[in-house]
Amino acid sequence: SDVALPISMEMALKAADWDGFAKRRAEAKARGKLRGIGMGFFIEGAGGRPIEEMKVRVTKTGKVEIVCGTYSHGQGHETVYAQLINEFMGLPLDDVTLIQGDTDVMPDNAAGTFGSRSSMMGGVGIKKSCEIVVEKGKQIAGHLLQAPPSEVSFADGVFKAKASSVTFAEVAKAAYDPSKLPDGVPPGLEGSFLYKRRGENDQNYPNGCHIAEVEVDPDTGHIDVVKFTAVDDCGVVLNPFIVHGQMHGGIAQGLGQALFENVAYDPQSGQLLTGSYMDYCMPRAYNLPHMNLGFNEIPSVMNELGVKGAGEAGCCGAPSAIVHATIDALKEVGI
Numbered sequence: 001s002d003v004a005l006p007i008s009m010e011m012a013l014k015a016a017d018w019d020g021f022a023k024r025r026a027e028a029k030a031r032g033k034l035r036g037i038g039m040g041f042f043i044e045g046a047g048g049r050p051i052e053e054m055k056v057r058v059t060k061t062g063k064v065e066i067v068c069g070t071y072s073h074g075q076g077h078e079t080v081y082a083q084l085i086n087e088f089m090g091l092p093l094d095d096v097t098l099i100q101g102d103t104d105v106m107p108d109n110a111a112g113t114f115g116s117r118s119s120m121m122g123g124v125g126i127k128k129s130c131e132i133v134v135e136k137g138k139q140i141a142g143h144l145l146q147a148p149p150s151e152v153s154f155a156d157g158v159f160k161a162k163a164s165s166v167t168f169a170e171v172a173k174a175a176y177d178p179s180k181l182p183d184g185v186p187p188g189l190e191g192s193f194l195y196k197r198r199g200e201n202d203q204n205y206p207n208g209c210h211i212a213e214v215e216v217d218p219d220t221g222h223i224d225v226v227k228f229t230a231v232d233d234c235g236v237v238l239n240p241f242i243v244h245g246q247m248h249g250g251i252a253q254g255l256g257q258a259l260f261e262n263v264a265y266d267p268q269s270g271q272l273l274t275g276s277y278m279d280y281c282m283p284r285a286y287n288l289p290h291m292n293l294g295f296n297e298i299p300s301v302m303n304e305l306g307v308k309g310a311g312e313a314g315c316c317g318a319p320s321a322i323v324h325a326t327i328d329a330l331k332e333v334g335i
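Quick note, the sequence shown lines up with residues 1 to 335 if you use the working numbering.
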């Protein structure tokens, strides 16, 4: 963090044109609005509970099933996990199926999705499971190619030994045919890995610098968030498109926390008055400004993928940035 934080701040200040704010404040004042700027800097611990088991299972046709206890409710696990299979085994994304939320087949040591833990614990679990699959695949490929496993290499979905090779699909098919297996190698082709955190400090530490600009109507007190910039260090970004989406959603949630959301009860009866989204004020699209988002990718040293949590970044940095911007706007009128 001693490396990440100053760089993230410098990147955010430049992207937000912090030095040009005085001009924007004067322009807003000419329109009768009070404009303020504020920063929210955060660092958090991510990684969740101490265990997570992942399983990579290869079918007879060479397709891959990822059986997991993590659950995707919008984070795009089905895409990112397939990317990892592509990276570590060279197989097409379309050949990968994600099996989740099924308690009949999920691993025993499954914990779920929370605490920005899936990319670290689930992702590393997939990497290790792929390594187990490839090692068994080398044994089978060596038998098919009449070469010792130590001489078999694997890359881009192909096992090679000297001038000969077999595809991953051919090895997968042989894995379920006892007549084509080496002595002592059981049928099937799968690997599972139980990720165990080494202690309370075995987490990752996402951080970021968020800068908001607001305009306040001095007659009504209405607040508009008119500009928002964020630079986040999520470690190695596995899929920028997905992480950008998570940042957008988190910032929207943070804006709602700062300005809109409120749980109200009837003071006499204690009856909840904000019982549905007809009553509970969530931010709408028109409440959100254009977001200028960037990454300061500093790999985590706490896991083999170098990833850090991303899903909570927006709602960590946005509320304080917006509150500080509002305070800055109101100081012109002595508040």
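Hints are not guaranteed to be accurate.
[To be verified] Think about it this way: if two alpha-carbon atoms lie no more than 20 angstroms apart in a straight line, the pair counts; the simulated SDA-like pairs of lysine to any residue are:
hint: 1; residue 1: 128; residue 2: 104
hint: 2; residue 1: 63; residue 2: 151
hint: 3; residue 1: 136; residue 2: 61
hint: 4; residue 1: 180; residue 2: 151
hint: 5; residue 1: 128; residue 2: 155
hint: 6; residue 1: 196; residue 2: 124
hint: 7; residue 1: 63; residue 2: 131
hint: 8; residue 1: 60; residue 2: 196
Everything labelled a hint here was simulated from the structure, so no lab data went into it.
- Message: Taking the earlier hints as the rules, which of them does this structure contradict?
- Response: 1, 2, 8
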